[in-house]
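J.: Residue-level listing of the chains:
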Amino acid sequence: MGRVAYIRNRLALMVFVLFGVTIVIFGMVRVLPGDPAFLILGDRATEESAAALRVQLGLTKPLLEQYWDFMSGIPQAKFGMSLLYRQPVGDLVLRRVPVSIYLAIYAMVLAAIITLTFGITAALKKGRFADHAIRVVFLLFLTTPSFWLGILLILFFSLRLRILPVAGYGETSIDHLRYLFLPALTLALGLSAVLIRNLRGQIILVQRSDYVRTARAKGLFEGQVLQRHVLRNALMPVITIFGLQFGYLVGGTVVVETVFAIPGMGQLLIQSITARDYPVVQAITLISAFLVIIVNLAVDISYSFLDPRVTYE
Amino acid sequence: MSERPTALERYSWSDALTARDLGREWRKLRINSLIIGGTILLLIVILAAICAPLLTPYDPIAMNLSEAFLPPLSPGHALGTDNFGRDIWSRIVYGARMDLQIAFLAVLFPFAFGSLMGVITGYFGGKVDLVFMRVVDVLMAFPFLILVIAIMSLLGTGMKNFYIAIGVVGWIAYARLVRGETLATRNLEYVQAATVVGCQERRIVLRHVLPNCIQPALIYVFTGMVLAVMTGATLSFLGLGVQPPTPEWGAMIAEGRQFLLMAWWMPTLPGVALLIVGVALSLIGDGLSERR
Numbered sequence: 124m125g126r127v128a129y130i131r132n133r134l135a136l137m138v139f140v141l142f143g144v145t146i147v148i149f150g151m152v153r154v155l156p157g158d159p160a161f162l163i164l165g166d167r168a169t170e171e172s173a174a175a176l177r178v179q180l181g182l183t184k185p186l187l188e189q190y191w192d193f194m195s196g197i198p199q200a201k202f203g204m205s206l207l208y209r210q211p212v213g214d215l216v217l218r219r220v221p222v223s224i225y226l227a228i229y230a231m232v233l234a235a236i237i238t239l240t241f242g243i244t245a246a247l248k249k250g251r252f253a254d255h256a257i258r259v260v261f262l263l264f265l266t267t268p269s270f271w272l273g274i275l276l277i278l279f280f281s282l283r284l285r286i287l288p289v290a291g292y293g294e295t296s297i298d299h300l301r302y303l304f305l306p307a308l309t310l311a312l313g314l315s316a317v318l319i320r321n322l323r324g325q326i327i328l329v330q331r332s333d334y335v336r337t338a339r340a341k342g343l344f345e346g347q348v349l350q351r352h353v354l355r356n357a358l359m360p361v362i363t364i365f366g367l368q369f370g371y372l373v374g375g376t377v378v379v380e381t382v383f384a385i386p387g388m389g390q391l392l393i394q395s396i397t398a399r400d401y402p403v404v405q406a407i408t409l410i411s412a413f414l415v416i417i418v419n420l421a422v423d424i425s426y427s428f429l430d431p432r433v434t435y436e
Numbered sequence: 003m004s005e006r007p008t009a010l011e012r013y014s015w016s017d018a019l020t021a022r023d024l025g026r027e028w029r030k031l032r033i034n035s036l037i038i039g040g041t042i043l044l045l046i047v048i049l050a051a052i053c054a055p056l057l058t059p060y061d062p063i064a065m066n067l068s069e070a071f072l073p074p075l076s077p078g079h080a081l082g083t084d085n086f087g088r089d090i091w092s093r094i095v096y097g098a099r100m101d102l103q104i105a106f107l108a109v110l111f112p113f114a115f116g117s118l119m120g121v122i123t124g125y126f127g128g129k130v131d132l133v134f135m136r137v138v139d140v141l142m143a144f145p146f147l148i149l150v151i152a153i154m155s156l157l158g159t160g161m162k163n164f165y166i167a168i169g170v171v172g173w174i175a176y177a178r179l180v181r182g183e184t185l186a187t188r189n190l191e192y193v194q195a196a197t198v199v200g201c202q203e204r205r206i207v208l209r210h211v212l213p214n215c216i217q218p219a220l221i222y223v224f225t226g227m228v229l230a231v232m233t234g235a236t237l238s239f240l241g242l243g244v245q246p247p248t249p250e251w252g253a254m255i256a257e258g259r260q261f262l263l264m265a266w267w268m269p270t271l272p273g274v275a276l277l278i279v280g281v282a283l284s285l286i287g288d289g290l291s292e293r294r
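Taken in sequence, the protein lines are chains A and B. Here my numbering is used: the first residue of the first sequence is 124, the next is one more, and so on. Here my numbering is used: the first residue of the second sequence is 3, the next is one more, and so on.
Hint data in this document are derived by calculation from the structure and do not stem from the laboratory. Ideal Cβ positions, reconstructed from N, Cα and C, are used throughout, including at glycine. Any given hint could be a false lead.
[What the hints assert, rightly or not] Label-pair distances were calculated between CB atoms; the ranges are:
#: 1; chain 1: B; residue 1: 111; chain 2: A; residue 2: 186; range: 25 to 31 Å
#: 2; chain 1: B; residue 1: 135; chain 2: A; residue 2: 209; range: 39 to 45 Å
#: 3; chain 1: A; residue 1: 341; chain 2: B; residue 2: 32; range: 35 to 41 Å
#: 4; chain 1: B; residue 1: 162; chain 2: A; residue 2: 252; range: 44 to 50 Å
#: 5; chain 1: B; residue 1: 23; chain 2: A; residue 2: 364; range: 29 to 35 Å
#: 6; chain 1: A; residue 1: 417; chain 2: B; residue 2: 26; range: 42 to 48 Å
#: 7; chain 1: B; residue 1: 20; chain 2: A; residue 2: 341; range: 32 to 38 Å
#: 8; chain 1: A; residue 1: 240; chain 2: B; residue 2: 45; range: 32 to 38 Å
The following block holds chain B by itself, in its conformation from the complex (with noise of 0.2 Å):
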């Protein structure tokens, strides 16, 4: 933060914009392009998963066998049909609802739950802290993906058992962010005026410590969700996500590769969707995080 003239340090020397001025204005300039452009990206996958119905006239799900394979840029199928006649633009569409619910949702515990750990143990070190770091260095030992799987498979395959193995999983990213800012703002003068103006300590850490400590958190939900879309994709390909016939890229992507050979448009148009999505998430998270 300290890197960050003032305004005054900016222009009392001279109001002339001098070369490094320019530069840094031409830097500012490209970071917010990234935010601006990422967001608007993902506002339009948003604004098409609400109008999905809108967007297009057929059924994501109905089958009509007499249309199937049908390739890209067929009349009435922009984008062709699958191996049962499905129209690939309206498959396509409407798992923008299920991927875009899995990036908002699969982030929400994780986020909360991270944060709160993180300035707990940040904020309070000691043993708190050290039984912490070494909880943490267990679960980084297992790789993110399989351990994930493995939670699966004991609680079974579904939506609702990928919401809570990322959920055990997925904290600890924030946690770590969290109590790094934590142990740097514990000392600080508003924090030591809390205590002496007789502050309980439920209240210092959350009222006076957690918001000023929760920025590179936030900044991580976009990472975060852009991992959590490619781990739910992942896991609806591997088959134990998203199950058909319910519209999800990764899924369809599955489908879609039994066909590699008669219908190449099959694995490759959900991928360019989630690539989108991808690319959206990361260009903001990104632009949030080199601005800071």
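Next up, chain A with everything else stripped away, as it sits in the complex (with noise of 0.2 Å):
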């Protein structure tokens, strides 16, 4: 199978699961215990309000219907009206969609340092005291909730130190650098934590190879062998596990912006499920699950134009 093959394979298997995704979340409501009209309005709702409701959010029609409104709202981003703020969800959430990717990306690139620094760093001392020493500081990290760390870097960096802003976004480009430095920073320590053992592990087996034992002897400075030969092929299964740990940082982002006050889509969903404004939560679902398909696509994808050798099931 060629690269056009398999590229065309994973967009049906994309567009397949991105249906998928939309049958669970318009699923949802209808299966699980309960019913949305009193889960709104609260226990202590008249019948009457409630079926004026159900009416409301379209419930008494036939399934099928309701499925064909739910899939046609999606390319406009119209997702019903917010109960809380009674505002078009579409609107409300994609203001803040640019935030949380602001502070995702942001989190991807500290994450992107870290682990480089420290997985070489560890690889290149294996078995030293500092491999040692990185090992344990990152097992800690891998096991430390977002929340609690978050809240230590404020107490020190914030409260202690005074040299950043406690919680928010800033006004400015520059502002939202400083601001979401802390909570890109929170992210970034738990999703390398898990990076850094994998790049360790590549540097190490790659090391052994053949090709960059030939280009030691053909006398190559070990900056260039370990630039060149090294990490090219190291990195390649760390994209991957990256891919996969994506969901991770979409999920931390919620935690994280809660955290520090950041007004994303994360803030936004808490603050929906404890006013029970189930519109915004599911376009929140839906728009936060798109985004992992789209970067494991994108992941898969750019591996079969890194790496020429990748062959296709």
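Put the two chains together into one complex; each comes in its own frame, and the hints tell you how they fit.
T.: Below, the structure is given as structure tokens:
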């Protein structure tokens, strides 16, 4: 199977998964126990107001028609009206998506820097003190819940050292860099804990290979060997792991946005649950699943370009 | 499994310990010490949870406003008190009951159901497997935490609904592990032998294949427990799980967050407990999976 056929298959699978995701989100309200109308209005609502809300939400129509309404709204980002804000859900959510994506990309960049620095150090100093220290420290980061880590960082950098803001998002994009540093670092430390382990293992594996021995025998400097021969090959599997971890990153933004009071999608999600604003919850779930699907597709496809040896099953 | 040398292979050539043997023994020792260290740490926490009333003279919920915001190392309150004057050490020790309960209960259903699904789809293959893998593809597209939160938004907050939500999402990992193992097992001789002898398929799957394929799922239980404790604490932190005043570490951190400037010990100390449980379970899980 060639690359074109592979990409075509991946796209077909993606369309299927996107479709499946909409069915899960659509079905959840209808399958899980509990009447959405009472869920939204509270238990003490009268039967009349619940019936009126059911009509407003379109829950009295035939199931297929409801699904059609749901699906046809997605391309225009119409997810009904927010019950709390009395605004179209699409406007409300889409305004906050860039904030969360900014945070996620920032976290990815920091995670890449941390992973490369410590992953390479650990591999080159294998078995020595630096290796053990990195392993222990990042084992701790792996099991540290992000909301607690965020609070520790606030205590140290914002309240003790007073060099970074406690919370918020700022006005300009330079502000954003400063305001989002600690939240992004919180996410990045958890993410790198997984990635460093993999990168270290991969580098050690590649260093044993024949082509690295050849490169050294040619008389290349160790730095050149590392950059051109070892890293290029060792990074490939790490990128795959990263794609798999992207869901963790998106979930993490929910927590971190709450800790640092960042006006992103995650903060809206938590507010909407407390306010029983189900249409908003639905839209955010859908968008975050879409993001994960697209990133994983991008990872798979970029893989086929970055590594010409990849064979497609 | 084939990488592991048999006793014969190891000792038939020479009784002398080679450098390679030493390396192997060192590795074994290191892995065993991971498991033992993790187990001891976990047992200490379990013991503390059971003996909570003996370890602390205070009621974890009773308020005493005259003793609010005492810093750690105050007389009578080794870890200080919170905004209601409740003893933090007591709340952390009693909180262990809640967080350990989450760790154990939240993996039961995912482990049982996931393993069963894995062995069935792996053994029968074909259409069953195809459908299963597509379901997995779809569920894996959701960020774990967001799907759990979305389900809880429908069911309502509280721990009962947390267990349901994590049950709906958590079984996939176990099913994938057991499925993979079953695929490698189902054509082995003993399965063929059982078929030839005329065993019913139900019996073959449950008595012959499942016990041989469940090991990776059993090992994953510890990783699943870490995930469960952290998710439970996170949801409690977000106000969706354990509700105050019940002592639970995530909820305590959430309460303490409001008093960051006045009482740094309120949000930090419960997190240490969470970290200890997380590290203990991770050590056991890592050790077991490396030993395999």
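J.: CB of residue 135 of chain B to CB of residue 209 of chain A, is that within 39 to 45 Å?
T.: Given range 39 to 45 Å: holds, Cβ gap about 43 Å.
J.: Quick check: does the Cβ-Cβ distance between residue 20 of chain B and residue 341 of chain A fall within 32 to 38 Å?
T.: With a Cβ separation near 33 Å, residue 20 of chain B and residue 341 of chain A satisfy 32 to 38 Å, so the hint holds.
J.: 44 to 50 Å was suggested as the range; check whether the CB atoms of residue 162 of chain B and residue 252 of chain A agree with it.
T.: 48 Å, holds
J.: Go ahead and decide if the range 32 to 38 Å is satisfied by the Cβ distance of residue 240 of chain A to residue 45 of chain B.
T.: Taking Cβ atoms as reference, residue 240 of chain A and residue 45 of chain B lie about 37 Å apart, which means the hint holds.
J.: Could you check the hint for me, namely that residue 417 of chain A and residue 26 of chain B are 42 to 48 Å apart, CB to CB?
T.: 45 Å, holds
J.: Taking the Cβ atom of residue 341 of chain A and the Cβ atom of residue 32 of chain B, is their distance within the range 35 to 41 Å?
T.: With a Cβ separation near 36 Å, residue 341 of chain A and residue 32 of chain B satisfy 35 to 41 Å, so the hint holds.
J.: Can the suggested window of 29 to 35 Å be confirmed for the beta-carbon pair residue 23 of chain B and residue 364 of chain A?
T.: At roughly 33 Å between Cβ atoms, residue 364 of chain A and residue 23 of chain B fall inside 29 to 35 Å, so the hint holds.
J.: Within 25 to 31 Å: is that where the Cβ-Cβ distance between residue 111 of chain B and residue 186 of chain A falls?
T.: Given range 25 to 31 Å: holds, Cβ gap about 28 Å.
Hint check: no violations occur; every hint is consistent with the structure.
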